[in-house]
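Chain residues, written in single-letter form:
Number of protein chains: 2
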Amino acid sequence: MKTSFKSDIEIAQASTMKPIVEIAKKIGLTEDDLELFGKYKAKLSNEVLAKIKTKESGKIILVTSINPTPAGEGKSTVTVGLADAFTRIGKKAMIAMREPSLGPTMGIKGGATGGGYSQVLPMEDINLHFTGDLHAITTANNALAALMDNHLQQGNELNIDQRRIVWKRAVDLNDRALRKVIIGLGGPLQGVPREDGFDITVASEIMAVLCLAADLKDLKLRLSRMVVAYNDKKEPVTVGDLGVEGALTLLLKDAVKPNLVQTIEHTPALIHGGPFANIAHGCNSVIATTAAAKLADYVITEGGFGADLGAEKFLHIKARSAGIKPEAVVVVATIRALKMHGGVPKTELAKENIASLTLGFANLQKHIETIKSFGLPVVVAINKFITDTELEVQTLLEWCRRENVAVALTEVWEKGGAGGIKLAEELLAVIEKEENKFHPLYDLSDSIEQKVRTIVQKVYGGKDVEFSSKAKKQLLDFEKFGWSNLAVCMAKSQYSLSDDPTKLGRPTDFTVTVREFKPSIGAGFIVALTGEVMTMPGLPKKPAALKMDVDENGNAVGLF
Amino acid sequence: MKTSFKSDIEIAQASTMKPIVEIAKKIGLTEDDLELFGKYKAKLSNEVLAKIKTKESGKIILVTSINPTPAGEGKSTVTVGLADAFTRIGKKAMIAMREPSLGPTMGIKGGATGGGYSQVLPMEDINLHFTGDLHAITTANNALAALMDNHLQQGNELNIDQRRIVWKRAVDLNDRALRKVIIGLGGPLQGVPREDGFDITVASEIMAVLCLAADLKDLKLRLSRMVVAYNDKKEPVTVGDLGVEGALTLLLKDAVKPNLVQTIEHTPALIHGGPFANIAHGCNSVIATTAAAKLADYVITEGGFGADLGAEKFLHIKARSAGIKPEAVVVVATIRALKMHGGVPKTELAKENIASLTLGFANLQKHIETIKSFGLPVVVAINKFITDTELEVQTLLEWCRRENVAVALTEVWEKGGAGGIKLAEELLAVIEKEENKFHPLYDLSDSIEQKVRTIVQKVYGGKDVEFSSKAKKQLLDFEKFGWSNLAVCMAKSQYSLSDDPTKLGRPTDFTVTVREFKPSIGAGFIVALTGEVMTMPGLPKKPAALKMDVDENGNAVGLF
Chain A
2 MKTSFKSDIE IAQASTMKPI VEIAKKIGLT EDDLELFGKY KAKLSNEVLA KIKTKESGKI
62 ILVTSINPTP AGEGKSTVTV GLADAFTRIG KKAMIAMREP SLGPTMGIKG GATGGGYSQV
122 LPMEDINLHF TGDLHAITTA NNALAALMDN HLQQGNELNI DQRRIVWKRA VDLNDRALRK
182 VIIGLGGPLQ GVPREDGFDI TVASEIMAVL CLAADLKDLK LRLSRMVVAY NDKKEPVTVG
242 DLGVEGALTL LLKDAVKPNL VQTIEHTPAL IHGGPFANIA HGCNSVIATT AAAKLADYVI
302 TEGGFGADLG AEKFLHIKAR SAGIKPEAVV VVATIRALKM HGGVPKTELA KENIASLTLG
362 FANLQKHIET IKSFGLPVVV AINKFITDTE LEVQTLLEWC RRENVAVALT EVWEKGGAGG
422 IKLAEELLAV IEKEENKFHP LYDLSDSIEQ KVRTIVQKVY GGKDVEFSSK AKKQLLDFEK
482 FGWSNLAVCM AKSQYSLSDD PTKLGRPTDF TVTVREFKPS IGAGFIVALT GEVMTMPGLP
542 KKPAALKMDV DENGNAVGLF
Chain B
2 MKTSFKSDIE IAQASTMKPI VEIAKKIGLT EDDLELFGKY KAKLSNEVLA KIKTKESGKI
62 ILVTSINPTP AGEGKSTVTV GLADAFTRIG KKAMIAMREP SLGPTMGIKG GATGGGYSQV
122 LPMEDINLHF TGDLHAITTA NNALAALMDN HLQQGNELNI DQRRIVWKRA VDLNDRALRK
182 VIIGLGGPLQ GVPREDGFDI TVASEIMAVL CLAADLKDLK LRLSRMVVAY NDKKEPVTVG
242 DLGVEGALTL LLKDAVKPNL VQTIEHTPAL IHGGPFANIA HGCNSVIATT AAAKLADYVI
302 TEGGFGADLG AEKFLHIKAR SAGIKPEAVV VVATIRALKM HGGVPKTELA KENIASLTLG
362 FANLQKHIET IKSFGLPVVV AINKFITDTE LEVQTLLEWC RRENVAVALT EVWEKGGAGG
422 IKLAEELLAV IEKEENKFHP LYDLSDSIEQ KVRTIVQKVY GGKDVEFSSK AKKQLLDFEK
482 FGWSNLAVCM AKSQYSLSDD PTKLGRPTDF TVTVREFKPS IGAGFIVALT GEVMTMPGLP
542 KKPAALKMDV DENGNAVGLF
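Chains as they are written, first to last, in the working numbering: chain A, 2 to 561; chain B, 2 to 561.
Treat the hints with care, since some could be wrong.
Which copy is meant is left open, because identical chains are indistinguishable; a pair holds if it fits in one copy or across any two.
What the hints assert, rightly or not - With a straight-line cut-off of 30 Å between C-alpha atoms, the simulated DSSO-like cross-links for lysine-lysine are:
hint: 1; residue 1: 459; residue 2: 60
hint: 2; residue 1: 326; residue 2: 60
hint: 3; residue 1: 235; residue 2: 542
hint: 4; residue 1: 542; residue 2: 218
hint: 5; residue 1: 438; residue 2: 373
hint: 6; residue 1: 295; residue 2: 40
hint: 7; residue 1: 56; residue 2: 40
hint: 8; residue 1: 181; residue 2: 542
Bear in mind the hints are in silico, worked out from the structure with no lab data behind them.
None of these values were measured; they are calculated from a predicted model.
Based on the sequences and whatever the hints tell you, model everything.
As structure tokens, then:
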């Protein structure tokens, strides 16, 4: 084991990338199929996306995890390392991952691009402006807001009730002072005064819409359905009513094309779209995942947070919408995180603690049961940390064997793809051996209440759901507006299976309270809000920005 | 003469671009010198910018105009057509122009990329997100705002007076409802409540800073000097005090590289930076202009609005800061606009009117005198419109001869470079024949009042300047802060030589009132505000966005 470790950016900057044109060759694409962004990034052209539509699809593997803890799970790292492992054993593999938001990068950390020797490159670019997708989404989001406020100002033909405007503005930054604002001040020439607020861009419905759209045409249709406000009769007013879906689609015409990059080991990766995993579905774009499946035999993709949120939403929302059938699911766990689920505080994690570790298995167990209930083969990936003891690892391995679930120790952070070969082999074995009976746990024709109840009982292991009187009243409206057959997108704490973030492990007998619904009609789901949901993060006392710089050659310094 | 005309976008989309790599070859650059953005756009790499620094500079020609009127002057069109004309007569020519803002595109019009057969391509991309420069500036602008509000929230170590914060947020949109806002509402966890406002991105001081920076190092230095607020002792608080100049430079490290595109006739063009021409200096970046001069023998560049604003600022601010010595200045005029200056209303412009035309010459005359007073050779370009009569054109040509000023009729809108050959030849002649005694009209060591007075008297032809009591008080502070030796940047109506937009032609005997100063310490100038200055435009009743769309192949529709 190494005694000193390089930082992620040191490893990334010491790696040699191949020209993206060469990476594209591996998946049968020529330079003409690409829209280059420098030498190491490219978008897939509309022509190539159309051309590959008729090809047969490869196998899609979903990577998810136990409930996240401050100890870290490394789901993105395992996703990257696993794809490299498939490449090493001679399979044509690709990654389909989310692209990071700039806001958190300026705040606490970046590194939504894997870690150690399992990273996608160029990590500085991907974590900064990348190919401009998020900027295009911010612009489209705010153009819509400006056009709506202009509609108010110019006579309000649609009779929008300015107290019932639900479309917020967005910035791709952590800016708490913009959470609640009043706009339109300064007199009659400066707009109509009203309450407003800003979300971080990844929380914009446009991000969810872009990630669920099948193509440009579907994108426009979804955009036109987005609800921006209610009129004086309390009926929804949509983008289509404002007549600006064409302009928004124009602003997004390039953002909708997936971005091709590479891992440290030169495995091709599509990094595209990154919606929040609470008020949205937390998965990269359908266009990227389906394109990757046309271009490779194995596609490794992931969902946000733990399996109760990310996998549930991948399987119920993204897979259903895109007609995707995953072959198998990887549940990532770490010894450290399982010990936290077993009651160990963060400061004590370096010490061996078999009893707490064993207690923590309950969290993993629930997620395994959930994946199996979807009819899908599952493999547990133990993402190794340097502080893990031999006995701890053996205890987890044995528990998995007793539970009759496939398991593999992975060392992808330290060893790249070589550290993920066991996991890749386990996956090939379960895909070969186990029957795949993938099916959703609820039908779209179920009532909204029933859909929420199914998720709470079958995915979270809860007893029941309570709906606030506001939520109940909203459901009556939704029935009237014809929204009852949409999917449900749960906004719940990622830290617990329940809606109480302090309940680690495997809580039972709990009731989840839905205080409010938020319709995302363009995305095609109704968000069920449980507890407080943060759609605009703040900056810490000492933001990461204070250490950032550029060296004399124009390279990023202090990014992570 | 043609009887039917294609729209700008029809002409643009019917044109065949060459790969940008081929365009780069014309100016001695290889693919390795470029950072490609698709096949037809590229940024110049830091390496090539460093490499060409020691080369000898070509000749820089500035294109300016009479005071703009609603009749249109076509300065950008002449700039593009003139460069094409130079190419046609065998000269190695390049364009250095501003990049457009997205906001006005969604509102009334785009087309900051020339017109007719004198356009830069791909015009749709350039008028939408282009290479993301404006998005990077918006992000840097708003990151700074978020970091400052976070500083307030986290204890306010610098004792910033929240009533004296001068740094505003920005969006690259026309959004009047954001002109005056209150932020930080919602209680102690949501930031410190205060008045705020949004400017359009091109009005951000960061745009001016990026356009005046000599290189990445100078950019960082300028960013660190920007004043964001005043503390409880009324002393300036800068970006450097907040310690975030490194992070802002990181966010701008790619935006600072100039963008290479081409004209319809394949002349190379650097389109980079686009600051407002009222509260900023209205010229494309110094980096682009100086790089173009290293790569070509003739560089055609322009300044915003008429010669009283654009040329004055080019010559006093940009040229001084960058050490640029222009060879000659083109003053663009149209028969239509001169008739408006002579008193003809817009509806009557199609009718021949020699008397009013002759009256309008006075405006052109003043600008010619001004350029000559800078010691520079001048050529008048008559930008032909279809409604101009032969007699009108002859009358203007004769007047120019009587005034002893070089003149050329240009038909670049209709004929591309072929319509600009006369103008190119006139320019070559005056550069050859006339002595260039370029000198600024004021010295930086003059007092701020004196600098303003010099501009008003020598450039506008005014009698005197009045300073409000607020402005006088500010000057005392500036003296204390050591800002008195900065340049002056006038914020004045573009429509008149005076500060009264209704006074067309050549007003005399007027006094200009400076109501307030706005220090732009990073840019290196003090803005003198006369009258109302719009830093956030609004949308019209029927915004252009309503007609925009994307066709089934992903191409822009209805952009202009």
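Tested hints:
1. 459 to 60: within (26 Å within a copy, 74 Å between copies)
2. 326 to 60: Within one copy only: 8 Å inside a chain, 63 Å across chains, cut-off 30 Å.
3. 235 to 542: between (42 Å within a copy, 25 Å between copies)
4. 542 to 218: For residue 542 and residue 218, the Cα distance is within 30 Å only across copies (28 Å; inside one copy 44 Å).
5. 438 to 373: Within one copy only: 9 Å inside a chain, 84 Å across chains, cut-off 30 Å.
6. 295 to 40: both (24 Å within a copy, 25 Å between copies)
7. 56 to 40: both (28 Å within a copy, 26 Å between copies)
8. 181 to 542: Answer is both; intra-copy 21 Å and inter-copy 28 Å each pass.
Every hint from the earlier list agrees with this structure, and none is contradicted.
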